[in-house]
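Novice: Here's the letter readout for the chains.
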Amino acid sequence: MDKNKIKEIIAKRVAKELKDGDVVNLGIGLPTMVANYIPDDIDVIFQSENGFVGLGTAPNEGEENKDLTNAGGQYVTIKPGAAFFDSATSFSIIRGGHVDATILGALQVDEKGNLANWMIPGKMVPGMGGAMDLVVGAKKVIVAMTHTAKGNPKILKECNLPLTAAGQVNLIVTEMAVIKVTDEGLVLMELGPEATIDDVKAATDADLIISDNLRKMDVD
Amino acid sequence: MDKNKIKEIIAKRVAKELKDGDVVNLGIGLPTMVANYIPDDIDVIFQSENGFVGLGTAPNEGEENKDLTNAGGQYVTIKPGAAFFDSATSFSIIRGGHVDATILGALQVDEKGNLANWMIPGKMVPGMGGAMDLVVGAKKVIVAMTHTAKGNPKILKECNLPLTAAGQVNLIVTEMAVIKVTDEGLVLMELGPEATIDDVKAATDADLIISDNLRKMDVD
Amino acid sequence: MSKIVSMEHALENLKDGMTVMIGGFLGCGNPHKIIDAIIEKGIKDLTIIANDTAFPDIGLGKLIVNKQVKKVITSHIGTNPETGKQMNAGETEVVLVPQGTLAEQVRAGGAGLGGFLTPTGVGTIVEEGKKKIEIDGKEYLLELPVRADIALIAGSKVDKKGNIYYNQSTRNFNPLMAMAADTVIVEAEELVKVGEIDPNDVMTPNIFVDYIVRGEE
Amino acid sequence: MSKIVSMEHALENLKDGMTVMIGGFLGCGNPHKIIDAIIEKGIKDLTIIANDTAFPDIGLGKLIVNKQVKKVITSHIGTNPETGKQMNAGETEVVLVPQGTLAEQVRAGGAGLGGFLTPTGVGTIVEEGKKKIEIDGKEYLLELPVRADIALIAGSKVDKKGNIYYNQSTRNFNPLMAMAADTVIVEAEELVKVGEIDPNDVMTPNIFVDYIVRGEE
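Heads up: the sequence lines are chains A, B, C and D, in that order.
When we follow this note's numbering, the leftmost residue of the first sequence carries the number 1, and every step to the right adds one.
When we follow this note's numbering, the leftmost residue of the second sequence carries the number 221, and every step to the right adds one.
When we follow this note's numbering, the leftmost residue of the third sequence carries the number 441, and every step to the right adds one.
When we follow this note's numbering, the leftmost residue of the fourth sequence carries the number 658, and every step to the right adds one.
Don't take every hint at face value.
[Claimed, not checked] Here are the simulated DSS-like cross-link-like pairs (lysine-lysine), alpha carbons at most 30 angstroms apart as the crow flies: (1) Lys370/B / Lys578/C; (2) Lys19/A / Lys140/A; (3) Lys332/B / Lys570/C; (4) Lys789/D / Lys578/C.
Since the hints were made in silico from the structure, they are not lab data.
Required output: the full structure, derived from the provided sequences and hints.
Specialist: In structure tokens:
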């Protein structure tokens, strides 16, 4: 599958997790694409941790507003009914459980729902930004990522990179699978359009429980 | 001296403690009168702990605004340049040391600068309101009160009523005296218009150190 | 689904025995119409968290007079003699909290904090039963967050999505409480179209508001 | 005494080696003109507290590139490769803090709190060296307040008394930092008369502002 197709599958599938009225924070990169696949008949409120709810689409060229950027520093727009606030309020919203879902990428996720996505010691240390607060505070943590990195599994028995948070991930969505994090371990719930159980097992380091209701991912 | 004259002396003398640009919180009752004696050439900013800076005078009759009351629940006005905020911000201002002086009444004050002004067990329990935060947070705590209550001293060796705060009072202004709280004890700095040293000593339970620079209170 | 509901519908969420935050300061910024409806409905055994108990005939003070409150957590009861009377008679439990601590406790409840350290109350009876922690040689009390089942809020302007604007000194505890309860009901003094409140000037973002009731005369 | 001063006058308050908070989020809401003046003046060995280090050629990122910073306390350095390079070379000390914790630390610094308990960072390297406190069976980190010698703020509209209004997403850390420093300098994108900002809409009350410098083009 080509890269764009992979991203589209993941974003489409994650979009189906969101309900009318949900307050959602989208991480930078792939998660941002989820906004493109929200059905018209439901109203999802996007939170931007730099200080507002009611994040809209990217502005038309030439209509950028220097005072209106998202948490990635890109120009954005707001929807009617938006509201601005300071960073302490923004993270009160996040840490206080007022965000229904946070969708973010990962370097590694493991069987206990541990997440590593903010540094590779000695290599890449961008900092955690708002990720640690988001993962601890959001009611539902959805990891949206490619199933492997350069062929290496990212879903592990145990993360070996520094954690973003311990035991907070609820759902993992990749182009190959939808995996639920439970007290019993990782449960394979859905298979990607082109994946078999064996494919997923081969690309996953962690143990997988196969759901009795295993089905194909709905990515129409 | 009659009651009004006593209050006027105290309020006039306290007003002289305030400087241009000071942020000041006035307690209910006598302290409120201090605002009447600020010289025209200095700009003192009054904070109202229910949520604004820039408190003005009482409104003219018929011009009361139901949305604009002070911490005593009375209708007030604001001055140009006022700003409103919520109660958490209001007490961030107070506790964070952004109030230069708080002026409040007392039931008892003692040699260590302890203050009791919020309850008499079994008799009167109005609650502390914002007083505990104000006394701990303001840079300067000025007690403005009559020297005695029904002839009984209010400036004691040690408070026996429940404290509002320990060791926070800086200055005591009564109709009889201006007394500074120091590490060495209470220092009598100024005498009221009609008081002698002996009068003050007789009306005070605490030990008093007489300042070398003892002078008459300036209440013109 | 519209958040704008009848008073009756909104109050179905408020049951006997619940813990209720009520915004306002000595009546200013109290949700007066909701309070009147609670009195009419006779909901009882409430635990009220509020800055004060207002006056006997104004604002939430009326709930005290009408004996619908079993416990009050507040900073001041001096303006409502009925609260003190019921406290002394053992009819109503009163927990007195310094105002700044109460505001910060409500904020912490909404902000997902486990507590905070305040210098307020050190060396007074407020410190009884609380953990003391020394930071850089200064003593602080560890105060815990406070939350409620329901918050009753008064908004000067509320848009149809639930964004709230508070006029002047009506703001006080309202925006803090709107973040610290499982269900939030706002009484809109003026109900406006979405967009009439500038997004910069929204003081309580719509995401906190569950129900809007009309408070216009 | 007017708070409106020349850039030169304002920057007399900023000395080599000081700790400086700078408002803004990836350049948006940075006080750009003040930053340019610091570069021109060559003030050095600064400790910067800011959400991020912006970009190499935008906002406070330029101070890093120009090697005027000895330490940064921040949540994110990924957008400015120069920060990482200097960190790896041992030239600049970088302390990474979760964004919500940093915002709350600055707020606590201004609010007179001794610290707060946050669930963020539990079970990660962020907890190293910090006190853990359990409340109701849940673990929290005790995080301490942060203050600075100077805060450099960017206001969209500033009145002559120093009341500040921040437009849209320029607000971010600015109002928090304006409360947490000994001296506060605001760069006014638009300087307006007292009264032009509605008292309800003031986001930083004038009492926090020491100096106003003009930021208009």
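Novice: Would you mind marking each hint as holding or not holding in the structure?
Specialist: Status of the hints after comparison with the structure:
no. : hint                : in the structure
1   : Lys370/B / Lys578/C : violated (38 angstroms)
2   : Lys19/A / Lys140/A  : holds (12 angstroms)
3   : Lys332/B / Lys570/C : holds (24 angstroms)
4   : Lys789/D / Lys578/C : holds (19 angstroms)
Taken one by one, the earlier hints fail for this structure only at number 1.
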